[in-house]
Amino acid sequence: MTFHRLRVAAACVAASAALLAAPANAQSASEIELARRLDQLAAELASVKAELARMQRERASATAAAAAAAASAPAAVAASPAVVASPVVASESQAQGSGIALGPSTVLTSYGEIHYNRPTHDSSKAVADLTRFVLGLQHRFDEKTKLVTELEVEHAVSSSSDPGEVEIEQAFIERQLARQWALRAGLFLIPAGLLNENHEPTAFYGVERNFVETAIIPSTWREGGLQVVGNFDNGVTTQLGVTTGFDLMKWDAMSTEGRDSPLGAIHQELALAKARDLSVFGALNWRGVPGLLVGGSVFTGGATHGQAATSSRVTLWDVHTRYTPGRWDLSALYSRGTISNTAAFNTPLVGSTSLVPASFDGWYAQAAYRLWSRGDLSLAPFIRWEEFNTARSFASLGTGLTPDAAPTERVVTIGANFNVGPGIVFKADYQRFRVNGDADRFNLGMGWSF
Amino acid sequence: MREQERRGSSRRLRQAFVASMACGAMALASCGGGGTAASDAAPPEERVLSAQAALGEKIFADASLSASGRQSCASCHDAAFAHSPANALAVQLGGANGDLQGRRKAPGIRYLATNPAFFFDGEGTPTGGFFWDGRAANFAEQAAEPFLNPFEMANPDKASVVAKLAAAPYAADFRRVFGERIFDDVEGAYLAMSLAIQQYEREDVEFNAYSSRYDAFLRGQATLTDQELRGLALFNAPGKGNCAACHPSARGSDGAPPLFTDFTYDNLGVPRNPEIARNADPAYFDLGLCERADLAQRSDLCGAFKVPSLRNVALRQALFHNGRFKTLKDALTFYVQRDTNPEKWYPLAGDGSVQKFDDLPPELRGNVNTSEAPYNRGPGEQPALSGAEIDDVIAFLRTLSDGYAP
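Sequences listed follow chains A and B, in order.
Residues 67 to 516 in the numbering used here are what the first sequence lists, from first letter to last.
Residues 22 to 427 in the numbering used here are what the second sequence lists, from first letter to last.
Source of the hints: derived by calculation from the structure; they are not laboratory data.
These numbers were taken from a predicted model, which means no experiment stands behind them.
Keep in mind that a hint or two might mislead.
Computed list of lysine to any residue pairs in SDA-like fashion (alpha-carbon distance at most 25 angstroms, straight line) [to be verified]:
1. A:K316 - B:A266
2. B:K261 - A:F460
3. A:K316 - B:A243
4. B:K350 - A:L467
5. B:K79 - B:K179
6. A:K316 - B:C267
7. A:K210 - A:L174
8. A:K316 - B:K347
9. A:K191 - B:E393
10. B:K261 - A:D318
11. A:K316 - B:G143
12. B:K365 - B:R319
13. B:K377 - B:G387
14. B:K261 - A:T465
15. B:K261 - A:T419
16. B:K347 - B:A101
17. A:K191 - A:P229
18. B:K350 - B:R293
19. A:K191 - B:S392
20. B:K179 - B:R293
21. B:K261 - A:L467
For reference, chain B alone in the conformation it holds in the complex (with noise of 0.2 angstroms):
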């Protein structure tokens, strides 16, 4: 009887899960794609939570449900920091001690309400997914991950992530919520966890405040300065900056406020980082979208990753895949001067010559974006923006922090 119980719990949970898939992909269908938000709607005044989101939220913060007692969900995407990590490292420490270097840099993980499941769209790019190089469909599939990668939460097991969740003190809660026996079916727990979390980060409006300066500015509230508005400029400009090509920056048809990511991928040839010990082996490279085993022949894609939301990108205090840069201004010199002068971001060979997109094998190397705007350029050109224009795009971009008061 009890196992049918659980049978049955856990039958109801696939069915609720496969239906908040559904509701999901429905809603991401009649927005029509990605690159803006669902709406202009205000942030809400008042902050509720439904109770399965409540409990999304605590299981977030809660450290007890990793190996070493001491990381949660909010450890590398910390509120303060707009759900970013709150600290300078290219990559997040975690695993059974605490000590272990995690592979990618902690993405930010708020405006994607409306992030697709990857698909490949009608011309063949890659768009959506969660994650660097989006393998989960959905929030509940990217927030089950973390619990048992080795580098990170480091359970052995959903069993041993199961029994911390019903030690916890919420587990009264978390009964009330998806039924007595719900820790009887450590499949069902681990799901409905997910879940939970999901539900936490669709309804909490800190995920999609809208609140910056920029949204402000958008609704007639704020204005923004000269400088600012040069830095919009380049940023729009295709000859300049050519950011909006993948961050658009304007409302869509519908009115709804940019989201700054088109959702799809590129791949930037970002220089190899020394921060991350796994690079001292020569043999070793992160090669984002091809790694995942259902594009493994894909090898096109090899070096692609994820363009994420440059929404709270000041916030950020290391940017790219592998947390390469530590400050706007080298982001975006990187940027402009990759191309124009590639001595200064890669190393040399012994003949002399620049060993250019490095943290890609050689073989690979003519994947990396080359063709469009800032990109288009070879040594001894000019740079697409200047010292002073990046400081522009950098005034710009803070303006797109969440939090601001008019």
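Just chain A, same shape as in the assembly (with noise of 0.2 angstroms):
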């Protein structure tokens, strides 16, 4: 809309100089005085157009990946940790200020994936789910401030006889400090790997979200606190927060969810969260080469609450990295968690399905290649080789009481992504499990973003 404008007011600027010029020929008015109008529009029609260019060259950088995606990988046009790290898009800010109207100050946005998993040893198992449907409402108060919101309703149905959960997602306040620096305070999305802050279904390969940005980095992970945003020039964004942290006297030992995600079994959403363990967590991403992204984050904090004969700590780490040359999307991602004195913790537990691990770790390397396009079609296969365990490690209870770690599993996913323009989304995969071989599993999705 911004750029539209622009590039009206430089057509009439444009067009009006021609106006004034003609008839300044065919006037009397002194040549010294039409000189002097005609440099002065001349003059304002540069400053329009070198406005319009930076206003391009902004909006091509606050959204780099998906204009690069866009080019060279178009499954990805979403997905970049680039879009959501930054503070209030400062070429709107910048816009207002140069006098240029902001579009509208509150805004309906939605995502949504519906999902259908056949195993392909037990056919009686398929099953096809709504796994997702979000609304997102942004509202900015001014330039410099606005709120965040989503609201998530998973499984379609929501009631107490039924299996979905209506969720609030997202729900903070950002203010812009400076050009470089923006404070977010709320509920918001811990920036951990590459897909917990960038989850719409238009964002990543394959019908599900990767095992290890689920089992090990419980996304989607929000927890309540502030956070402070920075963004420099020199490609560097850095996150640095305070937030409520996870409770381990969630943990029930008596079923398998602890298994599935040690995290995910104990994390709390907000939801009269157990508080007076409080958690930090830092986040470094560089985007200094084009189409290159480094980073890592950690966050680390109590989980007992002062409710457990001893206090754990949970922390959990990654290194992640994305790379898009030409039609290639190239990712890859370690993380790695720990939770402390988890004897102590364990031992009441002795026997039980599930005990706390110390340790749980996962990596995964995934290709991409934009095989073919068309207009806003295109499409791009892809493979994804992901090894996690989350159960690494158990601290010793004696002999005969400490459990075996569990095995490393191996998932092979061989899929594509079908996108229609950059809000829609057509996914198929096939899913190889190396030890849980009842899992193996053909998946078809469908999803849409804006």
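Make one complex out of these two single chains by using the hints.
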């Protein structure tokens, strides 16, 4: 919208200059006066053109991955940590500062996905699911301040007797403090890995999110607290914050939930979250070279809130990279989590279905290639190799009582994303599991995001 | 005027009763169901009872309130045995002459502060309530019954109980707490008595002491021996004892200590106990839940009895609703060998076949739980626990007795 207005303004200025210039020759005004007015108009035209060019550069920069992906990897059009991590869109505030109108102050967004999973060895377990439907409401109070919220319904129907859930996924205020610094307060996504802040279906390959960024990094992972975001001209983005954390007392040793995702079993999602122990996090990402992202994050905090005989601390860190040269979209990530003092916590739970692991980790490497495109359509096959272990080790409880470490699962996913423009995606893939072969499956999916 | 006062007094008591129940319900709702206590507060050092509770304590121990003059609440709920019977009788003796057998084993009455009133949960599982069949909604309703039960304290009616109350040494205290004219209103006085007992059971720390060695262990103030830890692991392990499935041993998500019961019901097929004289009649069966008038149509619940807390279980000298077993060794061996060696527990028919689940009519024996460990086995298979493993579990269960001093 802003670009369009600028183009119109430029055209108007040019046309006016031409009109003014033409009568200037026919009328009797002095040549000096005409020349002065022409110079003035030419200067204004140059200024508008420069503003337009600057706006285009900033738009391109702000949506670096999106723009790059549109050219090289359409499946990742919406995917770039740069988009989420960027403080209140600088170009907009600057545009307003230049007297150029902003868009509407309240914006409705949405994303959603529908999945079909069919185990290859047991088709009786095939399921179709409206996995999530999300409505986002953003409101800009002024050029420096905005509210970001997301309301999510999972599994289509939510009631006491249905499987669905209704969740607030994000609800934070962001205030631009300076050109490079912004402050967020409220419920926000933790900047861990590549996916957590960019979890829309158009932002990742495959019907399901990768296992490492669900089993190890508990996406979609959010906490309540404060965060500062710094975006620097050298391509560095840094995020630092103080938030709520995990609650180890939620660990249900009689269920297998903790085996599926140790931190997913004990995250609190700001739902009457225990908050005696706070956590801190930091994330650093660098985009100094076009198409390249290199980064890492760490999160650590107490998780027992004074309710256990001994205190335990949860720490999770990751390193990640993404490179999008030409038609390729390459990414890799490693993440590891630890929980301290688990021996004391686990001893009363000995023999139970799942004890608290001392460590858990996983990595994946993924390659996608934009094989075909026509107009706004494109097809990008991909392959992803993942290895992860949700119970890499347990603290010793003594002979016969210490659980064995879990076997490391390896999942290979092969499939393709078919994009219709930047906001719609259809997906198909096949997943093969090394340890839990019963889980091998075909997946189909569709999603949208705007 | 006096009649009006009596009615007013009675109404106030009923209002107090309803308010008390509502508060109890709210407290239960806020703790999110059974399984753990409402908090992990360490036992208070001072034992301070309210006037109502102090009155309840006296009533609880007053044998003069029974027809025989020899039986009080404390007779069957002896504090020295964690408020369970002090003897190994399957069922306690009561009645006007103290010579009639009760119907079911007197249960322990500790750690019931968060026991909800009876309800079916979202999956249809019967849960909560007091007595083996959950028919009483709270302490007060429970406490009101034995006074009039012909096999227990055997008073003919409420008026006779109130008359004994009025003659008790603490009658003046009773009037002071509930009003000078309280004894003029039989219903009101009887309700007041029940409330006083309820208040005693709620306030006296003995009923919720959390003073076992296992509690100290959970607080990091004691350790368990290797054998006790092995026993705990077997107790928890789904493929071994699987005891924790109904008797949770872990702290709740709010950090509250475990209660070793989920307040649900199970049908274990406990063998018929010949020690109970009624069982001599082959037509007589104690059907548990479905004997309740409101559940009479639920034949699928016949044979189900409430899951008791295992806190202080080592102090109980008779186990299960019919007191069939006298030792933990026998009870645990029954659990794991019921299906692998049924001939050890049930009589043989004329044709030599085992009359399994003989304490239920044949048409209801299908109700017995045979799907969960350790019952999900058959003759010839290895029991879920060996003899040595049972000893380990018993060693652990002994850590659940109140009164441990670090």
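Evaluated hints:
1. A:K316 - B:A266: holds (17 angstroms)
2. B:K261 - A:F460: Within the cut-off at roughly 21 angstroms; holds.
3. A:K316 - B:A243: holds (24 angstroms)
4. B:K350 - A:L467: Holds. K350 (chain B) to L467 (chain A) sits at ~23 angstroms (cutoff 25 angstroms).
5. B:K79 - B:K179: holds (18 angstroms)
6. A:K316 - B:C267: holds (19 angstroms)
7. A:K210 - A:L174: Distance ~19 angstroms between K210 (chain A) and L174 (chain A) Cα, so the pair holds.
8. A:K316 - B:K347: At roughly 37 angstroms apart (the allowed maximum being 25 angstroms), K347 (chain B) and K316 (chain A) break the hint.
9. A:K191 - B:E393: At roughly 23 angstroms apart (the allowed maximum being 25 angstroms), E393 (chain B) and K191 (chain A) satisfy the hint.
10. B:K261 - A:D318: Given pair K261 (chain B), D318 (chain A) holds - Cα atoms ~18 angstroms apart, limit 25 angstroms.
11. A:K316 - B:G143: holds (21 angstroms)
12. B:K365 - B:R319: Violated: K365 (chain B) and R319 (chain B) sit about 31 angstroms apart, past 25 angstroms.
13. B:K377 - B:G387: Distance ~10 angstroms between K377 (chain B) and G387 (chain B) Cα, so the pair holds.
14. B:K261 - A:T465: Roughly 18 angstroms between the alpha carbons, so the hint for K261 (chain B) and T465 (chain A) holds.
15. B:K261 - A:T419: holds (11 angstroms)
16. B:K347 - B:A101: Judged against 25 angstroms, a Cα distance of about 18 angstroms means the pair holds.
17. A:K191 - A:P229: With a Cα-Cα distance of about 16 angstroms, the restraint between K191 (chain A) and P229 (chain A) holds, given a limit of 25 angstroms.
18. B:K350 - B:R293: Holds, because 18 angstroms separates the two Cα atoms, which is no more than 25 angstroms.
19. A:K191 - B:S392: holds (23 angstroms)
20. B:K179 - B:R293: violated (34 angstroms)
21. B:K261 - A:L467: Within the cut-off at roughly 14 angstroms; holds.
In summary, the structure is inconsistent with hints 8, 12, 20 from the numbered list given earlier, while agreeing with the others.
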